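Undergrad: What follows is the residue order along each chain.
Protein chains: 2
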Amino acid sequence: MDYGAFITSLLTSFAIFCLLVLVYTVLSRWPMNYNIYYCSRILSGSGPPLLPPRSRFVWNPFAWIKEAFVATDVQLAETAGLDATIYINFFSTALEIFGYSALFCIPVLIPIAVTSHQNERELQINPNNTYEPIDNLAIGNVEPGSSKLWAFLIGVYWVSFVTYYVLVKNYKHMIDLRTSEQAHEKACVQQFSCLVRDIPKPPRGMTRVQQVDTFFKKLHPDSYEKCMVVTNHKKLSEMWSKLESAKKSLVHVESQFDLSKSPTFPEGNRPTHKTGLFGLWGQKVDSIDFYNEQIKELAPQVATEQCRTLEEEQKAAAFVFFNNRRAAAEASQVVHAPYAMQWQVFPAPEPRELVWENLAKPLYERMVRETIIYIVVFFTVVFYMIPIAFISSLTTLNNLVKLVPFIKAIVDYPPLNTVLQAYLPQLALIVFLALLPGLLMLLSRHEGIPSQSLMVRATSGKYFYFVVFNVFIGVTLFGTIFSSLDGFKELLNSRKLSVSNVVTLFGNKLPPNATYFITFVALQFFVGYGLELSRLVPLTIYHLKRKYLCKTEKEVEEAWAPGPLTYETLVPNDMLIVTITLCYSVISPIILIFGLLYFGIGWLVLRNQALKVYVPSFESGGRMWPHIHSRILASLFVAQITMIGYFGIKKFPYTVLVIFLPFITIGFTLICKMNYYPSFQVTSLAIASEVVTQSPSLSAIINAYTPACLQSEADKSEDNDRFEDARSNVSSRTDSGINFSPGGSGQESA
Amino acid sequence: MDYGAFITSLLTSFAIFCLLVLVYTVLSRWPMNYNIYYCSRILSGSGPPLLPPRSRFVWNPFAWIKEAFVATDVQLAETAGLDATIYINFFSTALEIFGYSALFCIPVLIPIAVTSHQNERELQINPNNTYEPIDNLAIGNVEPGSSKLWAFLIGVYWVSFVTYYVLVKNYKHMIDLRTSEQAHEKACVQQFSCLVRDIPKPPRGMTRVQQVDTFFKKLHPDSYEKCMVVTNHKKLSEMWSKLESAKKSLVHVESQFDLSKSPTFPEGNRPTHKTGLFGLWGQKVDSIDFYNEQIKELAPQVATEQCRTLEEEQKAAAFVFFNNRRAAAEASQVVHAPYAMQWQVFPAPEPRELVWENLAKPLYERMVRETIIYIVVFFTVVFYMIPIAFISSLTTLNNLVKLVPFIKAIVDYPPLNTVLQAYLPQLALIVFLALLPGLLMLLSRHEGIPSQSLMVRATSGKYFYFVVFNVFIGVTLFGTIFSSLDGFKELLNSRKLSVSNVVTLFGNKLPPNATYFITFVALQFFVGYGLELSRLVPLTIYHLKRKYLCKTEKEVEEAWAPGPLTYETLVPNDMLIVTITLCYSVISPIILIFGLLYFGIGWLVLRNQALKVYVPSFESGGRMWPHIHSRILASLFVAQITMIGYFGIKKFPYTVLVIFLPFITIGFTLICKMNYYPSFQVTSLAIASEVVTQSPSLSAIINAYTPACLQSEADKSEDNDRFEDARSNVSSRTDSGINFSPGGSGQESA
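If you read the sequences in order, they're chains A and B.
Going letter by letter, the first sequence gives residues 1 to 750 in the UniProt record's numbering.
Going letter by letter, the second sequence gives residues 1 to 750 in the UniProt record's numbering.
Simulated from the structure, these hints should not be mistaken for laboratory data.
Quantities reported herein were computed from a predicted structural model and do not represent experimental measurements.
It is possible that part of the hints are untrue.
Repeated chains share a single entry, so a pair holds when one copy, or any two copies, can fit it.
What the hints assert, rightly or not - No farther apart than 27 Å at their CA atoms in a straight line, the calculated lysine-lysine pairs in the DSSO-like style are these:
#, residue 1, residue 2
1, K169, K274
2, K242, K284
3, K169, K201
4, K201, K172
5, K248, K545
6, K172, K315
7, K172, K218
8, K217, K172
9, K218, K186
10, K315, K673
11, K217, K235
12, K201, K673
13, K551, K242
14, K261, K248
15, K248, K274
16, K261, K284
My request is simple: use the sequences and hints to build the entire structure.
TA: Structure representation (structure tokens):
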């Protein structure tokens, strides 16, 4: 990529960003768009900002920035949940890492690079070795074996230790955030519950419920309350969804009917539809009658199926409930049975995020599934490399012209040429990547993971592998080979395609690749965050839907429902930027500025969105943090390995000093895992023992863990005897004198 | 080694074994030797077998075999402890693995090898390729690429799956053994205790004891009883040992004085000694007066130091005691603090096996020490290879003659030549290996390990690495190179010392090496177990000591005290035999017979010794088993990798089918670790919740965990107020109404 294209790319990205921010500031002030720009506020009841009359004139386009800036972590956690807070704290972590790194790398390393002359010298030796002015800011311009490389070696140490320091500081902060949530005097339902999996076959003449009850009553005589065996309610769930959808359709057609009535036409049009595919074929029926009929038919079927499910579909997993959160925290950490793979007890996930069909999957099945899926993921990661490399080589303008000569006339128009040259390779890449998360999410679901948050993390992990291997390594290596087709052909012809030759090629092309990645990062943050902030796509969809489809209030609400932040794609993409920036932070320190911009703008935009837009559909208690933490360290590890290789190529005799760094990183990772990770995996006893003043009632806890399709109308109001089949009897415990009231759990009042 | 030497070696080994067994049967019947051959029985009070008068004539030399054979695991566990029982069960595990393996390998693979002609053919091509008749029984005689190799491939699968099956079966058996001990209705002191390490600095104005007390009272309000802070009593311990040794010397000289009195010389000789080095120099003093003086001087000093230690030397570790074993088991598995590296709670080791100086070492120090020691061990393992290879090449007779020509005259005498040729290389090796365990034990102690049993396992692990790398790989590879100096020189001269050439050399020499290892195994079991059974060395030392040194009853007792089994050297040596046998089980199946003999004779001899001789100095609850289990799997893994390499060398096109096996082994290892290992690491709640009918009193538990030098005379009889400094106050708990009596713990009686 030449220098002009690089600058054009940056400038157009910036222009698009400014435009989108402007669009946002204008659109977000129109009340008809409030549902899109302030959805979280509307849902929580605090509503959009009420503008005082005079402010209509004194229009401050940066009000949202100020608002996003001043919000504290506590406010964020209250409004957007702990998961979002921790995700946004990841941005400040990255900012700190890059900020402190820049303190050394930019004022020290760039002047050293600029005052060197390697690029010039190589041009004199071989006129093919062209370079751009920006390449002079990188390590590539330093003479091999020169003692100037000491500064870069110190740079690697600086970046590494800055990263360790910032990570420790932030891990502690994250633990504080999580602790204040977990030790809150208002306890939540999952703190009293554990998930038991891999229950062995019940002994003859004993039901599952009796088996679980007997086992836990013996092992936790003072604290165990009740259990609820997990059922396979797939069939019931389908019937129930059908019923619910019929109910919804009925409301829709009734409201349609009401709307068709007007003073001039008071009897209205009774809506009709065809029963065939998509309502396009088949018999024409009166919709209101049809849905009424359907509901009348389905309701008793659902009730029968509910009974059958509770009786016959009990599986080898259960939720057990305790009378205080200390006991539940303790139980979830203890080996219960002599063969530890039986009766495995886990902290219960939040009820909303349960993946019911996976809860009762046997351990061996889970292991086989995991293995198969990891093999599939491995092949996906490895073999996507080939098409990505192919596409990113095709979509450089020069190659396109070579392949499709007749477009030459169009692209020769200079401004168009520059823009295309800047964006083509990146656009292909971004489109390509957008296809993957769905597939990976599906794969993760089939691993047998019990909770959605874990599924999100599993997907994010797989996507991260993919992104690092394919985008980072793939683009660097294959982009290099394809861009210098001569070199590639030469290697092939002279049969010199050995490891060391590829390494040398790779090393020589690393600094020029920095330019490519800077454009990539800039495109990501300027265009990506512009789109994110302006929400043009959801806005358009919402207005279209409201105009043509929505008939009821509920349907309008669904049309603007913001949904949660999609961490499974956000995190790996952010991590890719972290990886790229860390890897190039010493090779081409100018990238740090773009890394800072990415995370700075991201921090601001996402705080705004978290405060005003997105509504989490479940809370995992910030368990994304250890995932992010270990991946930052993995990126650092890759960066250190890259630097070892690069110093080797630069024939620097003290390269050996860098070899300690990967080991330090491994040691640091292990210590963090030992010291901090357990707090995210389980609840420590010190935190679980904090005083509780407000705890949910047992029936509230049980209701929360009863799947919607098993909840009868009666059940929603109070305990119901019908469910005793799959739940243990509570009366035996209420006699025991243990106080289980909302005013305080038994343990604390004793 | 030629065939004659091999047979001679076997025969002489067998002759020595028979002789030693004969010596044992004779000597063990002499009452003066009972202290050596029946020590464990004498100590436990059951005494040596009382021989009925007539049996003096009907002398049955195989009585001990019958006795060893019929003892059950329960009897063994009662007499020799769980650790010894599990160690002996390791022998039956190995016997089962080799027995089932032999069922296929010997009747199928040996005939296939014998009917092939590769060795003959190679001899025709190159007369230098000599071979021995025994080599015809091995895979080396099968033609490369032949379809006969299918049988050997099936053999590898057979051996692998037999190993998996036997390991699962025996792991379950070991868990049953351990469970019956842990769930015993008679509870022992360590079941009520936990070891807490890495306690953070106490807050200002709080003592350690108060800090630990406050923390645990809050987190375990119903079950926590008392704590005892670990002190640094190194100085006290030295003074106390001096005092104890003075007391012992006083008894010795007094008894010496009494013995010197005789009817003819009633006043006796008052013993005297010199105060200088070894009693050889310095002032001559009256011994009785001297030691009396010394005791009078030291006793008050020790008392003062006791007080000072308890007050000032409290460290960041403590023992905490609970009122029921369920609570202690639970506490030892739970994360207590938000930063999990603080307040780490472990199951308490048995009091006798505590390594006091390591208990309070901070975690970071332990990690640094571990790292350093692993680096040291790594270099030991790698660089011992060179001297071992050197020595084993020197000590072949031919090389010796080359180096020291003048011994040629001696060794040319044929019988001597044969014997020397058979034993020389192995003897050097065995002597070499005997030097190492001490060093490794010292290294392990400096890792900061809290209990002796763990130290034994750490040493055994290091020794196993050493033995596998150096003896197994070292002898095979370097022995090959040195034995064919021509081949070695050729490789060096032609600069062909590449990996693939070494692999080919290695592969070609593998089957002939089997002969070497068979001799090695035979020497180990015939001579080793013969010496073990006859106990000639301890017998000689005992009789010499009794005659010349011992003056008091106690000193005589110390002279024959048998000590425990030294697992740190026994286990790795047995594991080496397992590794060798597994690796050669398909290459040269005849080795299975020798493996069976080693573990068969070992099983018998060690059962005899465990029942009659050794007295364990502590019990770890059989925690050696997971260590052995994972190393058997590591051996299997090495064997599978060896076979992949060997099939590759044999140009067998279906080698790819063996590649699955190492992965299956890894998977199997992980499953065993998940399913069975936790039961050995902690006590599962199901077991800890079993009914206890007899439990030690709190003061008995505390006394057991008080180091000997801190126990005052008064303390031994009842609780003492002087120790309140380092122990929490018990009275606050006795008011709480929780019953803590020997008749049953509070939990069970509630």
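Undergrad: Each of the hints needs a verdict: does it hold here or not?
TA: Going down the list of hints, with the structure as the test:
1. K169 to K274: Close neither inside one copy (63 Å) nor across copies (65 Å); limit 27 Å.
2. K242 to K284: Within one copy, since 20 Å is at most 27 Å while 106 Å is not.
3. K169 to K201: Intra 47 Å, inter 20 Å, cutoff 27 Å: inter-copy only.
4. K201 to K172: between (43 Å within a copy, 18 Å between copies)
5. K248 to K545: within (17 Å within a copy, 98 Å between copies)
6. K172 to K315: between (40 Å within a copy, 26 Å between copies)
7. K172 to K218: between (38 Å within a copy, 23 Å between copies)
8. K217 to K172: So K217 and K172 pass the 27 Å test across copies only (26 Å; inside, 37 Å).
9. K218 to K186: For K218 and K186, the Cα distance is within 27 Å only across copies (19 Å; inside one copy 29 Å).
10. K315 to K673: Between. Shortest inter-copy distance 26 Å satisfies the 27 Å Cα cut-off; intra-copy 34 Å does not.
11. K217 to K235: Neither. Shortest intra-copy (32 Å) and inter-copy (50 Å) distances fail the 27 Å Cα cut-off.
12. K201 to K673: between (35 Å within a copy, 22 Å between copies)
13. K551 to K242: Answer is within; shortest intra-copy Cα gap is 20 Å, inter-copy 96 Å.
14. K261 to K248: within (20 Å within a copy, 112 Å between copies)
15. K248 to K274: Classified as within: same-chain Cα gap 17 Å, cross-chain 106 Å, threshold 27 Å.
16. K261 to K284: within (21 Å within a copy, 128 Å between copies)
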